[in-house]
Every structure is written in C-alpha cells, then in structure tokens.
Amino acid sequence: MAVTASTNGNTIKLKVSGRFDFSSHQEFRQIYESVSVEVTNYIVDMAEATYLDSSALGMLLLMRDHAGGDNANIDIVNCNEDVKKILTISNFGQLFKIS
Amino acid sequence: MNSSLRILIADDNESDRMILRSIVSKEGHEVILAANGEEAIRLFWEHRPDLILLDVIMPIMDGLSVAKELRSRLAEDYVPIVFLTSLQDPESLAKCLDSGGDDFLSKPYNRVILKAKIKAFGRMRLMHEKLQAHNRQMLIEQQVAKTIFDNVAHSGCLDLANISHSLSPLSVFNGDTVLAERKPDGGLHLFLGDFTGHGLPAAIGAMPLAEIFYGMTAKGFAMEEVLREINSKLRGILPVGVFCCGCFVELNFYEKHAKIWLGGLPDIVCFRAESQTIETFRASNLPLGVLDAHQFQPEFINLTMADNDELFIWSDGIIEARNEAGEFFGEDRLQAIFKQSAVDTLFSSILTAVERFVGETGADDDLTLLSVKMVDMDVLGLPDLENKRGSLVGPQDWELSYTLGPLTLRGFNPLPMVLNIITEVEGLRGLSGQLYTLLAELYSNALEHGVLSLSSALKSSTDGFSAYYAERERRLSVLTEGKIIISVSHYPEATGGVLEVTISDSGQGFDHQLFLARDVSDDGCSGRGLRLIDGICEDFYYNPTGNAVTALLRWPSSR
Amino acid sequence: MSSARVDRQVLTELQSLLEDDFSDLIAIFIRDAQHRLEQLRAAITAQDLSTARMSAHSLKGSSGNMGCVEFNQLSDQMEDYAKAGQLERCEALMPVLVQEAEWVFGELNGLLINP
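Protein chains in written order, with this note's numbering: chain C, 1 to 99; chain B, 100 to 658; chain F, 659 to 773.
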C-alpha cells in the first residue's frame with residue numbers, strides 16, 4: 001500500500017492506494033504522527049484503496065486517538081462499495097465522517 | 100567451544116578430493132568424501148554433515164540435482180551448500196544458486212578463501228541452530244499459555260444439545276473465541292468474539308473477556324451488564340486500535356425470545372424452521388473495547404423465535420476463505436447454502452461447503468461458526484450451577500432491606516447481589532437456580548406491572564415481545580417516581596433454616612386472587628411460575644392491595 | 659624441452675599441505691589424467707562432443723589445482739571447442755594436449771625422484 005500526504009493550511013489529506021492492511025502500519029503511522037501542530041482536520045482519501053482489513057480499522061482508531069480522540073475531526077472520503085461495507089459493519093460511522 | 104564441523108566433499112576427481120580433504124582437515128574439521136552425486140546424497144543422510152562442498156559436474160548425478168534434492172527434503176533444517184566450480188559465466192552461477200546453493204568456490208582451490216567460507220558458514224549454521232532452539236522454546240511456552248487459556252475460556256456449556264460450534268485451530272490462534280453459559284434462571288448466554296490481530300496478542304484478550312462472561316452470567320447478570328463490563332475491561336487493557344468484534348446472544352426459552360448484540364461482525368442469519376427462510380441482521384454497534392464506558396450505548400436486536408428456529412453466527416474468516424483461484428467464499432454463497440441444504444444439516448452443510456470451496460490449499464483455515472436453536476426448556480433442563488464458595492456455615496440469623504428508587508430502577512439490576520447474599524447461607528446454595536428464577540419473576544412483576552404499569556396483554560400479540568420490551572425500555576428511561584423494596588430475612592431452625600422474601604412496589608397492585616386461582620397445569624409462563632413457587636415455597640401470599648408479595652422457604656425441604 | 663610446466667609455488671604449497679601423501683597425490687593425478695585423456699580421445703573419435711566436453715572440463719579442473727598452467731589452459735580451450743561443436747578444432751588440438759600432458763607427467767615424476 002502506498003500513502004501520500006498533502007497539507008493545505010490546517011488540513012492534511014492522506015491518500016491511500018492499494019491494500020490497506022497490516023503491512024501498511026509503519027508507513028501510515030509515520031505520516032500522521034509527523035503532522036505539524038497547526039493541522040486540525042484530517043481527510044483520508046480511499047479512492048484508490050482496494051481493501052481494508054481489521055488492522056486498517058485499528059490504524060484509523062490510532063490516528064483518531066492521535067488527532068484528539070473524541071475531538072478529532074476526520075473525514076474518510078471516496079470509499080468504494082467494499083470499503084464502505086467494511087466501515088459500515090464495524091459502525092465506524094459513529095466515530096468518523098464517512099462518504 | 101568446539102567449532103569443528105563435519106564437512107561433506109563431493110568431487111568426481113580423486114586428486115581434487117585429496118587436495119580438498121587436506122585443506123579441510125588441516126583446519127580441524129571432519130571430512131567425508133563422495134565421488135559422485137548419488138554417493139553424496141547417501142552419505143549426507145548417513146552422516147548429516149554441517150556443510151557440503153559440492154562439485155557441479157559429476158557423473159551419475161550432478162551437483163545441481165544433488166542440491167535440489169537435498170533442499171526439497173531438508174525443509175526446516177538448514178545445511179549450507181558451497182558449489183565447487185570452474186564455471187565463470189553468470190548464467191551457470193545463477194543456476195547454481197537457483198538449485199539451492201549458497202556460495203561458490205572456484206578452482207584452483209585457494210586454501211585461504213576456503214577457510215574463510217567454512218568459517219562464515221559455520222557461524223551461519225550456529226545462528227540457525229540457535230534460532231531453531233529458540234523457536235522450540237517458544238512453542239513450548241505457547242503450549243503452556245494455551246493450556247491456561249483453555250482452562251479460563253473453558254467450553255462452558257457449548258456441548259448443549261441446541262448449540263453447534265466449530266473453531267479451527269488457526270482461528271483460535273488468531274483470537275476467535277466462542278463462549279456459552281447458562282443463567283441461573285435457565286436462560287442462555289452465548290458469545291462469539293473476533294479480536295483484531297494474530298497470534299498471542301489477539302488471543303490473550305479473550306481471557307479476561309471469558310472470565311467476565313462466565314462469572315457474571317452464572318451470577319445472574321443480564322446481557323447488557325455483562326457487555327458493559329467486558330467493554331470497559333477491554334477498553335482499559337487493550338491498546339488503541341485493538342478491539343473485539345462480537346455477537347452476544349441472550350436466549351429465554353420460556354418466552355421464546357432472543358436478545359442480540361452485534362458489533363463489527365458480519366451479518367448474522369436467523370433460519371425460520373416453519374417457512375424455511377432466512378432473515379439477516381446487521382451490526383449496529385462498534386466493536387468492544389473502542390468506546391469509553393460513558394459512550395457505550397449498546398443497541399439490541401429483539402427477536403421472537405419459534406422452537407427449532409436457528410441463529411447462525413460467524414466471524415469473517417468464513418466469508419474471506421479463499422480457493423486456489425484466490426476468490427473469496429463470500430456472503431452470497433454462504434446465504435445460498437440455507438436454500439440448498441436439508442434443514443437438519445445446515446450447520447455441517449456450511450462447513451462442508453467451505454471445505455470444498457477452499458480445496459487442497461486449506462492453509463487459510465480460519466473458520467469460526469456458531470449456531471443455536473430455540474428449544475423447549477425441557478430439552479435442556481434447569482442448569483446445575485456449581486457453587487464454589489469459601490465459608491462452610493455462613494450467616495444464619497439476619498435481615499436485609501433494600502429500597503430502590505426510580506433512578507436506580509432505570510438501569511440497575513439488584514438480583515445478582517441479593518442472590519449472592521442469600522446463597523451465603525450454606526443450605527440454600529443448592530437452590531440458587533430456583534431462587535434466582537423466583538426472585539426474577541417477583542422482581543420483574545413488581546417493576547413491570549407495579550412500577551411501570553405495563554400490561555402482559557402486550558406480550559401476546561405477534562410482535563409481542565419486541566413491542567413489550569421496547570415500551571419497557573421507554574418507560575424506564577423516563578421513570579421519575581416509584582420504588583421497589585426487597586426485604587429478605589433468614590433464621591435457623593433445628594436442622595436447617597427459614598428464608599422469607601418480600602418484594603413490594605409502589606404500584607396499584609393487581610388481581611392476585613385471579614393469578615393464584617390459575618390452574619397449576621397451565622403450560623404458559625404463569626403456570627411455570629406457579630409450579631416453581633409451588634415446588635420450593637412453603638408459603639406464598641400477596642398483601643390485600645396486591646403490590647407486595649411474600650415467599651417463604653424452609654430448608655431442607657420437606658417436599 | 660621448454661620451461662617448467664608446473665608452478666613450483668603451487669607444488670610447494672601442496673607438498674606442505676599433503677605431507678606424506680604428496681607422492682600419492684602426484685601418482686593419482688597422473689593416473690586420472692591419463693584416464694581422462696583416453697576418454698577424451700575416444701570421445702572425439704566417436705564424435706561425442708558432449709563426453710569430450712566433460713572430460714576436458716575435468717582435466718582443466720584437476721590440472722589447475724596441480725599448478726599445471728599450460729595444461730589447464732589447453733584443457734580449457736578443448737572444453738570450449740567441444741562446447742561450440744567444433745570437432746575439427748578438437749581433433750587438431752588433441753595432439754598438442756597430449757604432448758603437454760607428457761611433459762607435465764615427466765616433470766612431476768622427476769620431482770618425485772629428485773624432490
């Protein structure tokens with residue numbers, strides 16, 4: 001899986017492509033952990049993500065924790081049917097904005 | 100430390116063999132000589148050398164074939180192979196490596212270079228042996244851990260007649276867990292859990308979960324209370340990002356009712372025996388261990404189930420099982436099985452279908468499947484609850500009065516605690532099942548009919564139970580007035596004692612004459628309740644208003 | 659006769675390596691090499707270049723280990739010709755190789771008598 005990040009003011013956009021699974025852990029984490037203090041909004045772009053497993057869900061939770069827990073502002077966008085289904089079954093819509 | 104190795108030298112040229120033997124034995128190593136490939140293989144298995152020096156071009160069987168054969172048969176064990184060759188071209192050298200060689204030694208043989216290579220590979224072999232020893236140690240430790248795990252997450256009552264379950268070793272290893280336990284009143288709690296991750300870190304979370312599940316269920320706590328406790332525990336001990344997807348089912352065999360909590364697991368199926376159709380239900384909760392206690396607001400599915408209706412629950416291992424072509428088994432295939440199979444064999448049909456689909460590859464055998472049927476209580480009987488208590492005699496002469504106001508009534512279940520106190524009396528421990536059922540019946544009457552003014556007529560409509568419980572929840576959530584008083588006393592007698600329980604509520608009372616006049620042979624809920632009361636109570640009466648009930652019990656029973 | 663056919667330094671090392679077995683080594687080398695030359699000759703005659711190639715390869719290896727520089731190079735050449743399917747070249751090279759072998763064997767035997 002590849003993750004690219006771009007920052008725009010106080011928003012960081014992480015673009016995930018390929019399989020978002022256990023092997024992506026380090027990469028993903030390094031990126032969101034190194035954001036500057038100004039960043040308050042997170043966008044995870046799943047347009048090119050093909051697959052999401054439970055460790056990916058765990059990573060999203062870790063990121064949310066890092067971004068302020070209940071005060072975090074995270075949008076997960078451009079989810080395809082499969083990705084959306086996984087997020088729906090896990091009810092992650094209760095913790096993230098999903099589209 | 101002895102660093103001398105046993106080295107097998109295979110070269111079809113006698114003078115070359117002589118030279119190599121001299122070099123190698125002068126370095127202090129033991130030498131075994133072979134003149135061709137076939138001999139090399141035979142001598143290898145006979146002497147199990149630590150290193151092989153292998154000529155590439157030999158008659159009968161060449162070096163490349165020897166290397167290939169040995170590599171394929173050695174599997175986990177590692178023996179370095181150094182090819183002896185005067186071949187120089189990259190293609191030939193690449194072929195050597197592809198056959199399983201680790202290095203080359205070119206002719207003419209250079210003593211210094213050979214010495215260096217032997218030393219290097221000797222070290223590698225040592226590291227490999229250390230690694231294998233370490234792995235063996237880890238396996239032993241894992242086995243110990245597994246034994247502890249098995250003892251904690253014991254099978255409970257998974258072997259009940261109406262439950263079927265299947266857990267593959269890999270799925271257990273990956274943190275899947277299946278638990279079942281009877282409640283004191285005869286009901287059943289079931290749980291299927293799927294922790295994130297693999298191996299020990301995933302499986303270890305199942306231990307505290309199982310402790311809580313079994314402990315609280317046996318004491319009579321309701322599903323929501325158990326779930327809440329599990330969620331808090333996991334939230335507290337699991338690192339962020341690790342959680343447990345699960346399904347919790349509470350079955351009531353008298354009321355033919357199932358209450359289900361589903362969080363993060365794939366859709367579950369209810370197979371309706373009469374119509375032979377299925378209904379599916381989707382998770383509406385986050386997995387366990389994600390939310391803080393104050394955020395944990397579980398949503399439940401309430402289901403009326405006729406006898407032989409069957410619930411099917413699985414972890415995503417079945418859906419993601421892959422065949423040789425890399426296709427997933429998928430939910431569609433899974434649900435189709437219910438149409439295709441004979442009713443009595445649904446559970447095994449699912450397993451067979453997945454097995455056939457996966458085929459020979461079988462390596463990804465991560466399957467967890469659970470099913471439970473609604474049956475008549477007579478099929479199961481009342482549970483035989485083991486009582487592991489400390490004190491032998493316990494309290495003998497005592498009284499207790501517990502008043503619960505509206506705020507408490509909204510969300511607190513006092514029964515496990517009251518039962519706990521009552522069963523401190525040694526002679527009453529054997530009756531805890533019946534006592535719990537009795538208390539539960541009287542308490543729920545007091546709460547639902549007394550304080551909440553609910554009518555049981557609601558239960559008998561088609562959507563009955565769901566509507567009833569929904570209304571119960573609603574009225575409880577806005578309760579501002581009312582109370583229930585539980586009074587218990589116990590006094591010793593010559594060879595036993597007398598227990599008296601009174602539950603009174605702030606309600607209007609009800610027509611107890613009518614209730615008591617009912618035929619004991621009535622098979623419905625009230626009939627069952629009456630039978631029980633009749634069975635264990637020496638005396639049973641209401642106050643004139645009908646909002647206080649007293650049950651008197653003498654032990655040992657003279658009945 | 660031309661200059662030394664066998665590298666003295668290699669021989670010295672071999673002698674210190676093999677010690678008492680040194681004379682055995684020489685004898686075995688000569689015997690095997692003669693045998694292989696026969697194999698080579700027969701193969702060329704039979705136009706079996708595959709066998710010829712293997713025999714030449716073997717001669718190359720052992721002669722190299724024994725420090726017989728020219729013998730080693732000629733065997734290498736023979737191997738290449740056989741690999742390339744050049745029968746005539748093999749046939750032409752054969753007597754050269756045989757002559758070199760005789761010089762080598764002579765020198766080695768001489769060493770045994772006069773170390």
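Hint data in this document are derived by calculation from the structure and do not stem from the laboratory.
Do not take every clue at face value.
As the list claims (entries may be wrong) - 30 Å max Cα-Cα, derived DSSO-like pairs, lysine-lysine:
no.	chain 1	residue 1	chain 2	residue 2
1	B	Lys216	B	Lys245
2	B	Lys218	B	Lys167
3	B	Lys438	C	Lys85
4	B	Lys216	B	Lys229
5	C	Lys97	C	Lys84
6	B	Lys472	B	Lys358
7	B	Lys214	B	Lys245
8	C	Lys84	B	Lys438
9	B	Lys438	B	Lys472
10	C	Lys15	C	Lys97
11	C	Lys97	C	Lys13
12	B	Lys245	B	Lys125
13	B	Lys125	B	Lys216
14	F	Lys741	B	Lys194
15	B	Lys245	C	Lys85
16	B	Lys125	B	Lys318
17	B	Lys245	B	Lys167
18	B	Lys245	B	Lys229
19	B	Lys194	B	Lys245
20	B	Lys125	F	Lys741
21	B	Lys125	C	Lys85
22	C	Lys85	C	Lys97
23	B	Lys358	C	Lys84
24	B	Lys218	C	Lys85
25	B	Lys438	B	Lys358
26	B	Lys229	C	Lys97
27	B	Lys194	B	Lys214
As the list claims (entries may be wrong) - Okay, the calculated bits of chain B under chain F, using three or more residues with CB under 8 Å as the criterion:
no.	region
28	205–212
29	359–365
Note that the coordinates shown come from a computational prediction; the quantities given were computed from them, not determined experimentally.
Note that CB positions come from ideal geometry on N, CA and C, so glycine has one too.
Structure-based check of all given hints:
no. : hint                : verdict
1   : B/Lys216 - B/Lys245 : violated (43 Å)
2   : B/Lys218 - B/Lys167 : holds (24 Å)
3   : B/Lys438 - C/Lys85  : holds (24 Å)
4   : B/Lys216 - B/Lys229 : holds (20 Å)
5   : C/Lys97 - C/Lys84   : holds (11 Å)
6   : B/Lys472 - B/Lys358 : holds (13 Å)
7   : B/Lys214 - B/Lys245 : violated (46 Å)
8   : C/Lys84 - B/Lys438  : holds (28 Å)
9   : B/Lys438 - B/Lys472 : holds (18 Å)
10  : C/Lys15 - C/Lys97   : holds (16 Å)
11  : C/Lys97 - C/Lys13   : holds (14 Å)
12  : B/Lys245 - B/Lys125 : violated (50 Å)
13  : B/Lys125 - B/Lys216 : holds (15 Å)
14  : F/Lys741 - B/Lys194 : holds (18 Å)
15  : B/Lys245 - C/Lys85  : violated (34 Å)
16  : B/Lys125 - B/Lys318 : violated (76 Å)
17  : B/Lys245 - B/Lys167 : violated (38 Å)
18  : B/Lys245 - B/Lys229 : holds (24 Å)
19  : B/Lys194 - B/Lys245 : violated (45 Å)
20  : B/Lys125 - F/Lys741 : violated (37 Å)
21  : B/Lys125 - C/Lys85  : violated (69 Å)
22  : C/Lys85 - C/Lys97   : holds (14 Å)
23  : B/Lys358 - C/Lys84  : holds (27 Å)
24  : B/Lys218 - C/Lys85  : violated (57 Å)
25  : B/Lys438 - B/Lys358 : holds (25 Å)
26  : B/Lys229 - C/Lys97  : violated (50 Å)
27  : B/Lys194 - B/Lys214 : holds (24 Å)
28  : 205–212             : holds (count 4)
29  : 359–365             : violated (count 0)
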